[in-house]
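Turn these sequences into a full structure, and let the hints guide you.
Protein chains: 2
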Amino acid sequence: MALNSVDEIFVEKLRNVLPGAAFLADPTGFLVEPRGRWSGRGVVVSPASVDEVSALMTACFGAHVPVVPYSGGTGLVGGQTVAEGPVPVILSLARMNKVRAVYRHDNVIEVDAGVILADVQAAASDVGRLFPLSLASEGSARIGGLLATNAGGLNVIRYGNARVQCLGLEVVMADGTIWNGMSRLRKDNTGYDLRDLMIGSEGTLGVITGASLRMMPRPADEATALFVVPTPAAAVSLLSKAGEHLGESVTAFELIHRQGFDFLDEAGLAYKAPFKEAPEWSVLMKVGLPVRRSAQGALEDLFENAGDLILDGVIAQSVSQAQDLWKIREMIPEGNRRIGAVSSHDISVPISCVPEFIALATAILAKIGQFRINCFGHLGDGNLHYNVFPMAGRSRVDHQDQRDAIKTAVHDLAHSFGGSVSAEHGIGRLKVTDLETYGDPAKLAMMRAIKDALDPRGIMNPGAVLRA
Amino acid sequence: MALNSVDEIFVEKLRNVLPGAAFLADPTGFLVEPRGRWSGRGVVVSPASVDEVSALMTACFGAHVPVVPYSGGTGLVGGQTVAEGPVPVILSLARMNKVRAVYRHDNVIEVDAGVILADVQAAASDVGRLFPLSLASEGSARIGGLLATNAGGLNVIRYGNARVQCLGLEVVMADGTIWNGMSRLRKDNTGYDLRDLMIGSEGTLGVITGASLRMMPRPADEATALFVVPTPAAAVSLLSKAGEHLGESVTAFELIHRQGFDFLDEAGLAYKAPFKEAPEWSVLMKVGLPVRRSAQGALEDLFENAGDLILDGVIAQSVSQAQDLWKIREMIPEGNRRIGAVSSHDISVPISCVPEFIALATAILAKIGQFRINCFGHLGDGNLHYNVFPMAGRSRVDHQDQRDAIKTAVHDLAHSFGGSVSAEHGIGRLKVTDLETYGDPAKLAMMRAIKDALDPRGIMNPGAVLRA
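Protein chains in written order, with this note's numbering: chain A, 6 to 473; chain W, 6 to 473.
These aren't lab readings, by the way, just hints derived from the structure by calculation. It cannot be assumed that every hint is accurate.
[Said to hold, decoys possible] Calculated pairs, BS3-like style, for lysine-lysine (alpha carbon to alpha carbon, straight line, at most 27 Å):
#1 281/W / 332/W
#2 332/W / 246/W
#3 277/W / 332/W
#4 103/A / 448/W
#5 448/W / 448/A
#6 332/A / 281/A
#7 412/W / 448/W
#8 277/A / 332/A
#9 448/A / 103/W
Structure, rendered in structure tokens:
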């Protein structure tokens with residue numbers, strides 16, 4: 006079904022159903038993705054309530070005008086920018102930014118979809134609870150987009166990804182219908198799980214306007230350690246041992262390669278060196294325990310019982326020392342950015358396959374050319390950011406013609422382990438072809454059938470996830 | 006679209022595509038639900054592989070013959086029995102009963118859908134891991150049905166329901182297409198979440214034939230306590246305090262009312278009385294901790310710090326004492342069965358609303374008549390089994406005409422708290438009208454659209470969840 010670009014006549018019609026405050030004079034901030042790689046087009050409309058979203062969707066549905074839900078705009082796969090095809094309405098959630106209610110005894114917080122992640126964390130903290138979703142862009146990412154992309158981040162090993170934090174949704178469908186699926190329930194087996202269908206659908210099935218989110222008890226004591234491990238295989242074994250010693254208390258388990266340290270040096274990013282020499286492989290881990298238990302003691306206990314899995318280590322003796330260690334991890338993406346990757350990959354494989362994946366990927370890339378590899382990330386989830394860089398003195402531009410070969414090699418290898426070519430970033434527009442290449446055909450057919458059933462005119466974020 | 010009953014001619018056709026072993030001589034075990042309340046009709050076919058399931062589905066799709074996936078047959082809402090309409094093929098998963106693989110370092114176990122829950126638990130235990138799903142029928146319930154109904158049980162507070170245990174699925178669709186969605190990945194954001202759509206769809210969208218399941222570390226030390234609490238409100242506060250003291254280590258948190266003890270006595274079921282007099286309200290809780298931590302000590306610590314939330318308590322000093330306490334909880338459903346409920350309800354409300362729900366329900370039922378109420382269940386999840394019984398000397402038959410009024414009153418009340426009328430048992434055929442009454446209209450419309458998209462001829466378990 007042909008879609009129509011948003012035009013002045015249509016915007017005039019919208020002005021009849023929406024207040025003037027919903028119309029933004031300057032759309033520039035909404036048209037370029039965060040790293041400046043792609044830019045899009047569109048007319049930004051920012052409703053202030055679910056009813057206004059419904060009115061907007063009803064109008065767009067009637068006029069066959071495409072709609073791109075726009076949350077914090079921090080996504081890395083172009084789900085929020087449309088460069089070609091009919092010009093869309095960009096539906097900004099920025100004005101729906103209220104915490105609706107906090108239920109301390111239920112451990113539930115209900116929010117508008119436009120609330121910024123850091124504000125949800127703060128609201129939970131205010132009542133002595135934890136909202137555990139945490140990632141680099143938490144100061145600007147909004148809940149609607151975090152759910153629409155099923156965001157991951159640092160604490161997935163313990164608390165799960167965005168999906169697991171969500172108990173219920175309020176969603177406006179393509180035709181303007183409002184589904185009130187907000188819920189404070191922990192258990193509800195009444196009908197199909199539409200919540201999880203919407204979560205991760207990247208704005209292609211409906212607009213998330215509100216969410217009931219789960220809060221957790223705050224650990225009473227936390228501790229951080231950076232352990233030097235001999236090999237990635239030892240890191241995997243240490244993860245198992247950590248489970249035995251610490252149960253579900255392991256909050257983060259991040260693999261770091263020496264290349265990450267080297268890039269910080271090369272990029273001139275300052276940090277406190279935890280060891281004289283940067284270790285080849287290390288694991289940054291965080292533990293949180295309930296009252297009357299020493300998290301630092303628990304890490305010391307693990308260290309003493311790790312045998313030859315750990316070569317050396319620093320267990321932070323203070324909050325500021327822990328912050329210094331985490332600063333290293335948090336700066337790695339900035340170091341990468343300054344060096345300039347030839348190709349970056351957000352892959353996952355079964356955790357036990359991580360060592361073999363790393364070994365094989367190194368060998369395969371050596372056949373393509375000479376590169377520096379910064380392999381780091383969420384080992385506890387089997388999720389690696391496997392990023393390929395030029396050698397010192399060369400630039401990413403020098404390898405432009407090898408980029409596709411590198412990407413295909415890394416993705417093929419991950420796929421051969423039953424892995425994923427988008428572990429936490431989603432499909433957006435960047436990976437539509439990857440999904441077609443690596444996705445199960447029956448799954449793709451089902452996705453298409455569901456898309457056609459829930460968005461029969463194809464106005465919801467056309468071209469994202471599924472080809473328009 | 007009209008469906009055709011399975012008949013001898015169609016069965017002969019099936020014999021051309023399936024081996025003789027797939028045809029069962031005697032279908033009696035498959036036609037009556039576990040409590041004997043309803044019976045159905047059908048021809049039982051039991052394929053031994055996903056390809057045989059695919060061949061069967063292809064044939065049924067071609068001939069417009071309905072199919073009822075049949076797992077352990079332990080469901081309580083009639084999802085597995087068809088009493089009216091076209092006679093279906095009953096697709097038994099009993100011959101697909103192999104553990105396919107166990108991946109210890111990945112904490113993953115891959116199984117056929119026909120594997121019995123207790124066998125999954127045992128296979129995980131064999132490698133030092135825990136498969137945490139646990140419920141009364143674990144000796145006969147099979148994984149396919151447990152996932153299709155998103156089963157709950159005792160350990161949901163810590164480990165989540167069946168959905169959370171599942172990383173991937175193998176599913177045969179209505180037309181015989183096989184979706185290979187098996188996965189050992191912890192993170193995979195490539196496309197719509199079809200796994201969670203299938204989970205809880207009660208066999209109305211496809212046949213689950215295999216599953217990748219998550220295993221957990223086994224707690225090194227476990228302890229159980231029965232705490233007497235002054236009120237349900239104190240139980241809710243104790244749950245909050247338990248979170249602060251024990252973090253995610255609370256494995257079960259079950260509310261028990263004195264009526265449960267009284268029914269055990271009245272029904273002649275033997276148990277070791279933990280207190281001289283059965284307490285009005287008590288909480289049975291279980292804690293599991295990693296190595297080098299005393300679970301019993303942790304419960305003593307909680308007891309000492311609970312203030313007036315706990316009136317009295319027994320902390321089990323041995324495994325056998327813990328078993329004695331759990332036996333009480335496990336016998337409560339049998340006690341109920343022997344007394345004979347007028348009406349049973351599997352409801353959930355926000356945890357903080359449980360005390361008010363209990364108070365109001367008592368008042369509302371008193372207006373309908375004189376009853377004994379056994380309210381017990383998974384307080385940690387806000388899930389109560391709120392069951393209404395005749396007074397001593399009377400029988401459920403005496404209250405036959407009040408049954409609908411009781412059910413409506415309890416369900417209306419739960420709904421008024423934003424609660425669920427089926428927290429863990431599902432919709433089946435028993436609660437189709439409830440779903441229509443209490444479900445969000447937009448949700449129902451989406452469910453219907455998805456059903457039509459994925460099962461266009463309506464052959465998958467017709468009449469379950471959605472009206473045929």
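So, going through the hints one by one against the coordinates:
1. 281/W / 332/W: Distance ~17 Å between residue 281/W and residue 332/W Cα, so the pair holds.
2. 332/W / 246/W: Roughly 26 Å between the alpha carbons, so the hint for residue 332/W and residue 246/W holds.
3. 277/W / 332/W: holds, 9 Å
4. 103/A / 448/W: holds, 25 Å
5. 448/W / 448/A: Roughly 22 Å between the alpha carbons, so the hint for residue 448/W and residue 448/A holds.
6. 332/A / 281/A: Since the Cα atoms of residue 332/A and residue 281/A sit roughly 17 Å apart, the hinted pair holds (cutoff 27 Å).
7. 412/W / 448/W: holds, 23 Å
8. 277/A / 332/A: Holds: residue 277/A and residue 332/A sit about 9 Å apart, inside 27 Å.
9. 448/A / 103/W: holds, 24 Å
Checked against the numbered hints above, the structure breaks none of them.
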